[in-house]
Every structure is written in structure tokens, then in C-alpha cells.
Amino acid sequence: MLVLGPSQVEELLDPDELIDALATAMADLSAGRAHAPDRIAVLVPQQDGLLATMPAHVPSTGTLMTKLVSLFPRNARTALPTHQALIVAFDEETGEPAALLDGTVITTVRTAAGSALSTKLLAREDASVLAVLGTGVQARSHARALSRVRPVREIRLAGRDPAKAVTLAEELSVRLGIEVRPAVSYKQALDGADLVAAATHTIEPVVRRGWLAPGAHITSVGFNPAGREIDDETVADALVCVESRQVALAPFPAGSNDLLQPIRDGLITPEHIHAELGELVAGTRPGRTSAEQITLYKSVGVAVQDAAAAALVIAAARERGVGEEITLR
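Take 1 as the starting number for the sequence shown in this note's numbering and just add one per residue.
Wrong hints could be hidden among the right ones.
List time: in silico EDC-like cross-link candidates among lysine to aspartate or glutamate, alpha-carbon distance up to 20 Å [as the list claims (entries may be wrong)]:
1. Lys120 / Glu92
2. Lys187 / Asp231
3. Lys187 / Glu125
Label-pair restraints from in silico Cβ distances [unchecked claim]:
4. Glu171 / Pro73: 20 to 30 Å
5. His35 / Glu11: 49 to 59 Å
6. Asp91 / Glu11: 35 to 45 Å
7. Pro225 / Leu328: 34 to 44 Å
8. Thr167 / Ser60: 39 to 49 Å
9. Glu171 / Thr78: 37 to 47 Å
10. Met1 / Ala236: 44 to 54 Å
11. Glu171 / His35: 33 to 43 Å
12. Asp16 / Lys187: 44 to 54 Å
13. Glu125 / His35: 13 to 23 Å
14. Glu17 / Ala282: 15 to 25 Å
Simulated from the structure, these hints should not be mistaken for laboratory data. The model shown is predicted, which means the values in this text are computed figures rather than measured ones. Where is the CB? At the ideal position from N, CA and C, for every residue including glycine.
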């Protein structure tokens, strides 16, 4: 069995290849050619944490895998990530364990790559001002990923901790060669932004309709069982896209409060979800219809994305002779 650590995974995972691989995987999922059941989780109430399992089979890449991912929000106060994960890949012909690899890096990179894919499919071609809401690993990853698919010339960064926003803004300015400015509030960050990347653990919405510029494209990846990132008015007005209708509308721990709560309150119906990413990729559903339209990609994370990323990493590792081979028996 091939074993790959986080630094090896990061080295082997090409972000541009991943965006293309996700497009194929999402099209497979929407067409029924790939399978990923709703994630299940055990709760760790004393730490506000959970441990979830996310299996998937993507025949087009020969990938059969499962991800084990923990979410411990209190780690934000420490040096540990809030999300930590392992991925185990199996031989799809025999079921034999084939690879064990770090899933924390994959989760970070594939989540942002999914948002980048949605941006390619839904954002205006000339979108150049990006608001990043949050200061954690996903904020960093989204700033990098969205800048790959649109001509971003300015990034505004806002979070709960102003000092973290300043530090991350300085880091990203150097890394990306783009003007990155810390904002004093979420509202200030959103003012005039063409692109919005929300990656928070908020309870109260950080994206509000009155703060949005016409024609903005929003990506929302934050997850908090007790809250939501996007307000009702934004959801109601937006062209809404998800990875999977089934998963987005499933109960906790799979679905999205951003969609389930306004459905519960009668503000929208499930039919308000316009498209899945895979339907946009395949062209079976249209995307943006006007420059003024607000578009929203609400991500909850699906395992076919992890499978697509794992397939790229494993193939690159075997081609380059990277990783350690171990025998289980």
C-alpha cells in the first residue's frame, strides 16, 4: 500500500489539473456515473467536534475511496487545523487497500478548486475584485484558487480577528503579487466586489443582500451546524448552484443550513436550486443570464471531489516514485 504524507500530497497536486478533474467528476456525479452517499458523522459534543466518513466511487478514474475527516472548530485557537483528514483508496477490482494519504491538504485544495470551477462557470469574465471572508486555511486557499480563473487585481480580506486579517493580507500580497487589503468589516470587504469567497465558521450571515454589488458571484464553503453564512434575501435573489441537490438538502451532517432554513421558513422551495455544478459543466442547465445577476455556489463538500484529487495525487506519486510502500499482511 502506498503511503503519502501532507508535504508529498501538496507537491503532487496540481491546482489547474484539479479544477479540470473536478469538472469531469461533477459531471459524472450529476449524470449518475459516479456515486457518493451522504456523509455520516459521530459527534464529540464536549469539543463541539465531529468525525465524518465520506465514501465515493468514480469509475471514470478507477477510484474507490473513503475520507475520514474531523471538524474541531476549537482548534482555531491553536496551531492545529480545524479540519483534519485521511483518505484510503481501494483497488476497484479487488477491494484491496491501495493507498493511504493525507486528506487535510486535499480537503483544503479541492474545496477551493470547486469554488474556482463554479467561478469559471458562473462569474462574469471581467470579475476583478475579490472579497475573502475568513482568515483560515480556506480563506488562503480560495484567494489563490479564484485568482487562477479570473483577472483578480484586488482582494479585500475580512475576519473576526483584525490582526489575522492584516497578517494574511500581507502574506497573500507577496505570494500572489496582487493588492490585498484588510477590511474593517464584512460589509466593507463586500462593497463593490465582483467575487465573494465566504469561508467562515459564523453563526450569523456574513453575506447580506444589501452589501452585494450587482452581478457578484458568491462562493460559500463555511459550515456551522448552529449557523449560516448567507442571508435569506441573497439566497432568494440568487441563481443558486450546488454540488448535489440530494446532498445540499440532506439533514445534518450533510446538508446546508443556508438552503434548508429558508426552505423550512417557506421563503424558497427546493426547486429554487437552479443547477448542480455537473449540469453546468455538461451544458444541461444554463448559467448566468445577465451581467447584473447574483450567482451563488453553496458548497457542502462531496466525496467525488476528494476522489478526483486522490486519483491525481496517486497517479503522480506512482509516476515519480514518490511515497512509501508498506505491506499490511
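Results for each hint:
1. Lys120 / Glu92: Given that 20 Å is the threshold and the Cα spacing comes to 32 Å, the pair is violated.
2. Lys187 / Asp231: holds (13 Å)
3. Lys187 / Glu125: violated (24 Å)
4. Glu171 / Pro73: 20 to 30 Å: Roughly 22 Å apart at Cβ, these two residues keep to the hinted range, so it holds.
5. His35 / Glu11: 49 to 59 Å: With a Cβ separation near 30 Å, His35 and Glu11 fall outside 49 to 59 Å, so the hint is violated.
6. Asp91 / Glu11: 35 to 45 Å: Because 24 Å falls outside the window, the suggested range is violated.
7. Pro225 / Leu328: 34 to 44 Å: holds (36 Å)
8. Thr167 / Ser60: 39 to 49 Å: Since Thr167 and Ser60 have Cβ atoms about 41 Å apart, the given range 39 to 49 Å holds.
9. Glu171 / Thr78: 37 to 47 Å: violated (19 Å)
10. Met1 / Ala236: 44 to 54 Å: At roughly 49 Å between Cβ atoms, Ala236 and Met1 fall inside 44 to 54 Å, so the hint holds.
11. Glu171 / His35: 33 to 43 Å: Given range 33 to 43 Å: holds, Cβ gap about 39 Å.
12. Asp16 / Lys187: 44 to 54 Å: violated (33 Å)
13. Glu125 / His35: 13 to 23 Å: Distance hint for Glu125, His35 is violated at roughly 34 Å.
14. Glu17 / Ala282: 15 to 25 Å: Holds, at about 20 Å.
Checked against the numbered hints above, the structure violates hints 1, 3, 5, 6, 9, 12 and 13; every other hint is satisfied.
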